Amino acid sequence: MEFLQSTDKGQFSDDASSVTPKRASWGSPLEFILACLGYAVGLGNVWRFPYLCYRNGGGAFLIPFFLMIILIGLPIFFLELYIGQYTALGPLKAFSSIAPFFSGVGYCTLVVITIISIYYMIIVAWTLFYTAVSIAGDLGWGSCDNWYNTDFCYSGKYDSACRENNTGIATDLTYYLRQCMSIGDICTLSGFEPYDGKLCLDGNETIPWYTNVTRIIAAEEYYNERVLGRGDATWSNWGSIQWHLVGCLFACWFIAFLCVIKGVQSAGKVVYFTALFPYVMLTALLIRGVTLEGASEGIIFYLSPKWETLLDARVWGDAASQTFYSFGVACGSLVTLASYNKFTNNCHFDAIFVCFTNFLTSIYAGFAIFSVLGFQAQLMGVSVDDVADQGPGLAFVAYPEALLQMPVPQLWCILFFFMLFVLGLGCQFAGIEAINTAIVDQWPFLRKRYWMVTAFTCFSCFLLGLPMCFSGGVYLFTILDWNTASWAILLIGIAESTAVSWSYGISRAMKDLETMNMKFNKVIGSYWRAVWTVTIPVASLGVFIFVFIDWTSPSYGDYEFPLFADLLGWAVGLSTVVFFPIGVAYAFYKGYRGKDLFTPTEQWKPAVFITDEERSAVYENPAFLS
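Using the numbering used here, the letters of the sequence shown map in sequence onto residues 1422 to 2047.
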């Protein structure tokens, strides 16, 4: 695969023939905004952000997350929109043309988005499975009577029946060891003396009755054993294939294929639903959540910051990771989406709108999550941080349990899990489009057979996702998630900003924006100059170093991965950046030296032909290029 195509004069050129089909475009600016919103606002806001916030001290996590948005997320988001819209090129050709030295950056983003697309669809498959069983009326995550349930299974529905006649004394009942048991008996089993309905006596001190008591929410056991089929699987014993996940994964990729079969022309219509429908259901869930008993405790936990966590390198690393992961920056998808824009589209407004909508949606979803966690804590008689194990299954543990407490639970389950499915699927469109664009940019004649390219992409990603459909597949999923949307994309973000602000030149970039009819006042202009030239590289490098100061190896729950798995994770991370030095070496091989390495090639040009006189006319008449 060639990074660069050169002429006899050493300049890069596009070898596409004159009969190459015309590049497609968005039907309207609104379609592009919704596509970006659907890409940025996804399962990460419901599944990943509350999990990270929960893991990193509640509301304190909002501070580093917001700072990462201002310092890294928004600047790179706008940077990529500018690159794509100005050149109408995908990331492979865009970064190759801005300077030979950065010819490998586009391939780095392609590796990242490919890996993310593969393992992210596994989550979408989980949501489809929950949707299917909800339609069938099999709400097994509320029961402790299934074949896979342990003696430590806890069900809120069963516990409510046990607590019905409690009066606050030691004979009060709660659901434990799959039966109604008195608090006093639980204290005795734990090696303490009975005291009352909430406490045990340890010598002369009182302690919560649930100290040293193990209880696992039924929804958690359902997720691990029924959905994932985890069982006793390890890295050395991968277990059996879970055919229900294979079927769901295939269905997800097939639906995605139908939605993106014509590229942005078909996806542009689908995003009206995928980007807006989830807000309806999220609002309904929040309204129900805040009316549950104990919801206020969860919200207080969510809003009350633990300031000491700000000294933990993991917190800042997770904030940066969530920024890159949720916003989808340094993956090439935004460059791809913007490349189908009209040349004078106001992508500056689009970037700000989408980024802050994404931030507010994350907080909004956090209220829905933590109101439910507070409810669960109230039912179990424990603190909020004891409710569920930390992990990506939070949305599949807390939410399913809460849905059972609502009127007509089957209907709520269908609508909620369908919402998660729509969110996840909407995020995949941009990734598929980025992979497809990389293919047709290399072989332009394939634009005439775009549906075949889409079919190849979807089927290949389906096959590569099959190992995660085994009992131990969640371990591979964890490795990919841990090492892909992490430290490596920080380096890619640095390379992107350096390519534009230092190699190409920040002044030239600002003039390009003016050419596209985006003029800024001194304050806004100074902000973009500062963040593109200094803040992105410095902040990203600082977070990169900070992450490695307190680096921890990946794990899933209580299961620590062996050295082989850890090395595999490092290999995955390195694979996302290895093409950068390969690209530099290839540029040297092609004869580029010194200043030529950092000089734009012939392919770096406006998406529309514009003379100096026309460039000036645009400043005076915004409709000139319409």
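Read the hints as simulated data drawn from the structure, not as lab findings.
It is possible that part of the hints are untrue.
[Stated by the list, open to error] Now the in silico label distances, taken between C-beta atoms and shown as ranges: (1) V1667 to L1984: 47 to 53 Å; (2) G1660 to R1929: 51 to 57 Å; (3) I1556 to T1609: 43 to 49 Å; (4) S1974 to G1668: 41 to 47 Å; (5) S1976 to L1488: 26 to 32 Å; (6) N1625 to A1992: 54 to 60 Å; (7) G1660 to I1590: 28 to 34 Å.
[Claimed, not checked] The calculated lysine-lysine pairs, modelled on DSSO-like cross-linking and capped at a C-alpha distance of 30 Å, are: (8) K2026 to K1940; (9) K2026 to K1683; (10) K1869 to K1763; (11) K1943 to K1932; (12) K1763 to K1619; (13) K1619 to K1690; (14) K2016 to K1932; (15) K1940 to K1683; (16) K1763 to K1690; (17) K2026 to K1943; (18) K2011 to K2026; (19) K1763 to K2011; (20) K1943 to K1690; (21) K2026 to K2016; (22) K1932 to K1763; (23) K2016 to K1869; (24) K1763 to K2026.
As the structure is a prediction and not an experimental result, all values here were calculated from the model.
Ideal Cβ positions, reconstructed from N, Cα and C, are used throughout, including at glycine.
Now for the hints, and whether the structure bears them out:
Restraint check, V1667 to L1984: a C-beta distance of roughly 30 Å breaks the suggested window 47 to 53 Å. For G1660 and R1929, the hinted distance range of 51 to 57 Å is satisfied, since their beta carbons lie about 55 Å from each other. The supplied range of 43 to 49 Å is met by I1556 and T1609, whose beta-carbon atoms lie about 45 Å from each other. For the pair S1974 and G1668, the beta carbons lie near 33 Å from each other, so the given range of 41 to 47 Å is not met.
Under the hint 26 to 32 Å, the C-beta atoms of S1976 and L1488, about 28 Å apart, fit the expected range. Taken as a hint, the range 54 to 60 Å holds for the pair N1625 and A1992, whose Cβ atoms sit roughly 56 Å apart. As the Cβ distance of G1660 to I1590 is approximately 46 Å, the hint placing it in 28 to 34 Å is violated. Distance restraint check for K2026 and K1940: the Cα-Cα separation of roughly 19 Å lies within the 30 Å cut-off, and the hinted pair is therefore satisfied.
Proposed proximity of K2026 and K1683 is supported: the alpha carbons are some 27 Å apart, at most 30 Å. The straight-line distance between the Cα atoms of K1869 and K1763 is roughly 21 Å, inside the 30 Å bound, and the hint therefore holds. The straight-line distance between the Cα atoms of K1943 and K1932 is roughly 14 Å, inside the 30 Å bound, and the hint therefore holds. Between the alpha carbons of K1763 and K1619 the distance comes to roughly 64 Å, so the proposed pair goes past 30 Å and is violated.
Between the alpha carbons of K1619 and K1690 the distance comes to roughly 55 Å, so the proposed pair goes past 30 Å and is violated. A distance of roughly 22 Å separates the Cα atoms of K2016 and K1932; the hinted pair therefore holds under the 30 Å criterion. At most 30 Å may separate the alpha-carbon atoms for a hinted pair to count; K1940 and K1683 exceed this at roughly 34 Å. For the hint linking K1763 to K1690, the alpha-carbon distance of about 17 Å falls within 30 Å, and the restraint holds.
A C-alpha spacing of about 26 Å is found between K2026 and K1943, which places the hinted pair at or below 30 Å, so the restraint holds. Among the hinted pairs, K2011 with K2026 is consistent with the structure: their alpha-carbon atoms are about 22 Å apart, no more than 30 Å. Restraint check: the Cα-Cα separation between K1763 and K2011 comes to about 34 Å, which exceeds 30 Å; the hinted pair is violated. At roughly 38 Å between alpha-carbon atoms, K1943 and K1690 are farther apart than 30 Å, so this suggested pair is violated.
Taken as a hint, the K2026 and K2016 pair is honoured in the structure, with Cα atoms around 19 Å apart against an allowance of 30 Å. Restraint check: the Cα-Cα separation between K1932 and K1763 comes to about 18 Å, which is no more than 30 Å; the hinted pair holds. Taking the CA atoms of K2016 and K1869, the gap is about 39 Å. The hint is violated against a cut of 30 Å. Of the pairs offered as hints, the one joining K1763 and K2026 holds, with about 15 Å between alpha carbons and a cut-off of 30 Å not exceeded.
Hints 1, 4, 7, 12, 13, 15, 19, 20, 23 from the earlier list are contradicted by this structure; the remaining hints agree with it.
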